[in-house]
Amino acid sequence: MSNEVKEETSKPLRIDPWFKHKVLEMPGGETLKICFQCGTCTSSCPIAHISDSYRPNQIIRLAQFGLKDKVLSSKTIWLCAACFTCVDRCPQGVEMESVLRTLKNLAVKEGHIPKVFKDLGSAVLETGFAYKVPELRLKSRKDLGLPTLPKAKIEDVKKLAEKTGFIAIVS
Amino acid sequence: MSNQKYAIFLGCMIPYREVAYEVSARRIADVVGIELVEMPDSNCCGLPLDPVNHEMAIALAARDLCLAESMGLNLMTLCNGCFGFLTKMNKKLKEDRALRERVNEHLKGIGMEFKGTIDVKHFIGVLIESVGIEKLSNLVTRPLEGLKIAEHYGCHFLRPHKYLGTDDAENPTVLAKLIELTGATVVDYLDERECCGGTVIGIDENVPIRLARNKLKSIKDAGAEAIVTICPNCHMIYDLNQPRIEKIFSESYGLPVLYYPQLLGLAMGMSPDELAVGELRVKADRVLNRLIQKA
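Protein sequence lines, in the order shown, are assigned to chains A and B.
Mapping of the first sequence onto my numbering: position 104 corresponds to residue 104, and the numbering continues sequentially without gaps.
Converting from the second sequence to my numbering requires adding 171 to each position, the first position being numbered 1.
Bound conformation, chain A alone (with noise of 0.2 angstroms):
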């Protein structure tokens, strides 16, 4: 199969002291500083069961010890399918889902943005939706007999993306 991710481990590594600060001031990143490492999101991890590199426990090590290239230009942290078994189950209250998209936050701050999410983001600064339509769809919605979609307001979708700083991202 194609597409495995690995991790590159040969890179020496630099560590950034200022870097599980500016993870704890940001919304969802709060909780990074009390895992203590038990490990009980790996182990209930669908994803950690079938993938050679996502273990969500060693991520938050990472960040902890500051080591933000290696966490924020690694592919790992986009592997977490926000099912939230971590969450329910974690002993300590971690927000782990949390933590982890505030780290894939500031990865995009630093250039490193997955192309699908890019997609993601053109098609609703577009059409106000994740996805967009095909006109065949649109057609046989009338068939089925089911009412005219939703039509975002575009010009709210821009000015919100303007306010939060994502239209930057995107474009």
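In short, the hints are calculated from the structure, not lab data.
Bear in mind that the values here come from a model prediction, so they are computed numbers and not experimental data.
Treat the hints with caution; some may be incorrect.
For lysine-lysine, the following DSSO-like pairs were computed, each having C-alpha atoms within a straight-line distance of at most 27 angstroms [unchecked claim]:
#1 139/A with 454/B
#2 109/A with 176/B
#3 263/B with 20/A
#4 279/B with 159/A
Some but not every residue of chain B turned toward chain A, in silico, with C-beta under 7 angstroms [said to hold, decoys possible]:
#5 219
#6 280
#7 420
#8 421
#9 439
#10 440
Note that CB positions come from ideal geometry on N, CA and C, so glycine has one too.
With chain A held as given, fit chain B onto it using these hints.
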């Protein structure tokens, strides 16, 4: 606020590829007396953009919530993803004043304000709370006796428990109750609560493909004849991708994946056409033939 009238939020995935869910859910809503009011200028719930920019994701969710507030109606979703995200954001915006003020600052530019006057519901939750098992059971005219069903909830209906609180996330029973009222039998299988992995298909498609293969195999081994889902994303993984998974692993499952309202509709005596059963990728002929033989 009326219990039986909801603003319906379709999201992105259902109109894009999973229209069978919408058709069948609307038919059921009609029959059980749930009035659905369209949300003509709604937008994406925000979830797909959360990994990229959390602030934008909340702003999009807040705009949809404001639209429902202005309609004076609770918002009902069919999609688990929309349900999970909008529920969580609605709760956070209601409880966290600093967040609310920040988001309202964004919303000011488009003439909106989040007030926190509505709740977010999932279609399945509405069936349970507003209609009830008893009333639904009374509407079953063609019990699906002997039909073995494997249930799949999808994560964003159950987790994170502290935000959604729909059911016991480790041991949920809602869907089994709903399936059993149709006369069908719920079959247990290995790793039932495992995620479909659909959200990472654009990052590494091997992940959902392998997760789905494990699940389809476990379901087949358990002797189920069909799968029932309540989420378009999970459905896409198990139905749309099933032929591809069969090819990759040289295995054969032939498991039709029905949306719950399709199963319920069949048990209520509706025709497969009314419920858009023909829209499914894996044909449900074997299941349907059983119904015809029994009739």
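These are the hints, each one checked on the structure:
1. 139/A with 454/B: 23 angstroms, holds
2. 109/A with 176/B: 42 angstroms, violated
3. 263/B with 20/A: Roughly 24 angstroms between the alpha carbons, so the hint for residue 263/B and residue 20/A holds.
4. 279/B with 159/A: Holds: residue 279/B and residue 159/A sit about 10 angstroms apart, inside 27 angstroms.
5. 219: 4 angstroms, holds
6. 280: Holds - the Cβ of residue 280/B comes within 7 angstroms of chain A, reaching about 5 angstroms at its closest.
7. 420: 11 angstroms, violated
8. 421: 14 angstroms, violated
9. 439: With a closest approach of 18 angstroms, the residue 439/B hint is violated.
10. 440: 19 angstroms, violated
When the structure is compared with the earlier hints, violations turn up for hints 2, 7, 8, 9, 10 and for no others.
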